[in-house]
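Trainee: Each chain, letter by letter, is given below.
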Amino acid sequence: GAVVSQHPSRVICKSGTSVKIECRSLDFQATTMFWYRQFPKQSLMLMATSNEGSKATYEQGVEKDKFLINHASLTLSTLTVTSAHPEDSSFYICSYRPGTGDNEQFFGPGTRLTVL
Amino acid sequence: AQSVTQLGSHVSVSEGALVLLRCNYSSSVPPYLFWYVQYPNQGLQLLLKYTTGATLVKGINGFEAEFKKSETSFHLTKPSAHMSDAAEYFCAVMRWGGKLIFGQGTELSVKP
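Chains A and B are the protein sequences, given in the same order. Counting from -9, one number per residue, gives the positions in the first sequence under my numbering. Counting from 2, one number per residue, gives the positions in the second sequence under my numbering.
These are calculated hints, taken from the structure and not from any lab test. Certain hints may be false.
Distance condition first, Cα-Cα at most 16 Å in a straight line; then the derived EDC-like pairs of lysine to aspartate or glutamate [as the list claims (entries may be wrong)]:
id, chain 1, residue 1, chain 2, residue 2
1, A, K31, B, E108
2, B, K50, A, E94
3, B, K100, A, E49
4, A, K31, B, E89
5, B, K100, A, E94
Owing to the predicted nature of the structure, the values given are computational and were not obtained by experimental measurement.
Please model the entire structure based on the sequences and the hints provided.
Mentor: Here is the structure:
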């Protein structure tokens, strides 16, 4: 399957600071990508969807000004958590859906964010 | 609207025993269904998927699932559990635009 990387794998930051998480597809170009959040012992919750060349679409209840998503290219997407607070501590996972008609999503390894 | 329900947040089996993880879905259109596995602090890996065609789907690592429309189910099975199967398993249904709606997850433990 396709390879998706995330950087960093884990990050600890102070409350009030901003954190940027990168998501890269290493071997294909993806027109659609997704960002998920997963709290401990819980399922993945979709935060937003973005298609190359357009702005991200956020799920209900997700603050777009707090979670900035930039689908910079067909192989790079970034999620910036602005003015992070302890309640933002979570596991953030990105996924790419190739624009080849395949229905499968390829997931990154995730980023563990801890806000002190 | 689509939704997924996984019965049992935790399942424990002995090594060599049958694995059965239950998933029921709700969908107003023919569903695309997926099973993913997640190991601790890692992303998700696709085990298998059902889109159209044969209702018995075979996946990686000896897993398979059967799509039963009449029961709105997509249960995951493996004839003989291995210690390396211990992980979190998620059933998911695809929504419009390719979005995945995940079930609550089932943690599988395998006892020696």
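Trainee: Against this structure, judge whether each hint is valid.
Mentor: Right, here's what the structure says about each hint:
1. A:K31 / B:E108: Distance of about 9 Å is within 16 Å: holds.
2. B:K50 / A:E94: holds, 8 Å
3. B:K100 / A:E49: holds, 11 Å
4. A:K31 / B:E89: holds, 9 Å
5. B:K100 / A:E94: The given pair, whose Cα atoms are some 10 Å apart, holds under the 16 Å limit.
Violation of the numbered hints given earlier is absent; every hint is satisfied by the structure.
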